[in-house]
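K.L.:
Sequence:
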Amino acid sequence: MLRLRVKLCRGDTCVETLAIANSGFIGAEPEVLTPLRISAQLFGPSPRVELVERVLADGSRALLPRALDTVDVYVVEEDRSAGPVRARAYLGGGLVLLNDKLLGKLGIVIIDAGEGLWCFRDEVGLKTRRGY
Numbered sequence: 001m002l003r004l005r006v007k008l009c010r011g012d013t014c015v016e017t018l019a020i021a022n023s024g025f026i027g028a029e030p031e032v033l034t035p036l037r038i039s040a041q042l043f044g045p046s047p048r049v050e051l052v053e054r055v056l057a058d059g060s061r062a063l064l065p066r067a068l069d070t071v072d073v074y075v076v077e078e079d080r081s082a083g084p085v086r087a088r089a090y091l092g093g094g095l096v097l098l099n100d101k102l103l104g105k106l107g108i109v110i111i112d113a114g115e116g117l118w119c120f121r122d123e124v125g126l127k128t129r130r131g132y
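All letters in the sequence shown, in the order written, are residues 1 to 132 by the UniProt record's numbering.
The reader is advised that the hints may include incorrect statements.
DSS-like mimics (lysine-lysine), calculated; alpha carbons at most 27 Å apart, straight line [said to hold, decoys possible]:
no. : residue 1 : residue 2
1   : Lys7      : Lys101
2   : Lys105    : Lys7
3   : Lys127    : Lys105
Since the hints were derived computationally from the structure, they do not count as laboratory data.
My request is simple: use the sequences and hints to build the entire structure.
P.N.:
Below, the structure is given as C-alpha cells:
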C-alpha cells in the first residue's frame, strides 16, 4: 500500500496527515476522502454538504456526503512538494484516500503499490521514493 504525506488546506486552516494513494478510487475530477476528525478541522463541526451517489469499487452504489467547499491538496516530501490541487472532499471513512485524478494532477507515479514505491512524474527512471 502506498501512503503519502499530504497537506490538506481550506483557507488558512491546514492539516498534515498520511493518505493512501488509491487508483481504484475513480472519479471525473480530483477528489479526497477525509475522515470526520479531519473534516471537522477543515470545515468545522457542521460542514455544508450535499449527498452524491457514487459507484463503489465492487459496483454497488452509495450516497456519500461531499463538502460544498473544496480543499487544496499538497504532497509533502523532505526535498520538495507538489500542489496545490483543488479537490472535492468526501466526508467519512477511517483513512484519507486520494483518487486517481488527484494523483495524476499531483504528478504521482506509482511504481510498486505493494512495496509503497513511487516517484513524481518528472523523476521517472531517475528517482524512486518510498511511502510511509
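K.L.:
CA of Lys105 to CA of Lys7, is that 27 Å or under?
P.N.:
With a Cα-Cα distance of about 15 Å, the restraint between Lys105 and Lys7 holds, given a limit of 27 Å.
K.L.:
Keeping to a limit of 27 Å between CA atoms, is the pair of Lys127 and Lys105 held or broken?
P.N.:
holds, 19 Å
K.L.:
Taking 27 Å as the top limit, are the C-alpha atoms of Lys7 and Lys101 close enough?
P.N.:
holds, 17 Å
Against the hints set out earlier in the document, no violation occurs for any number.
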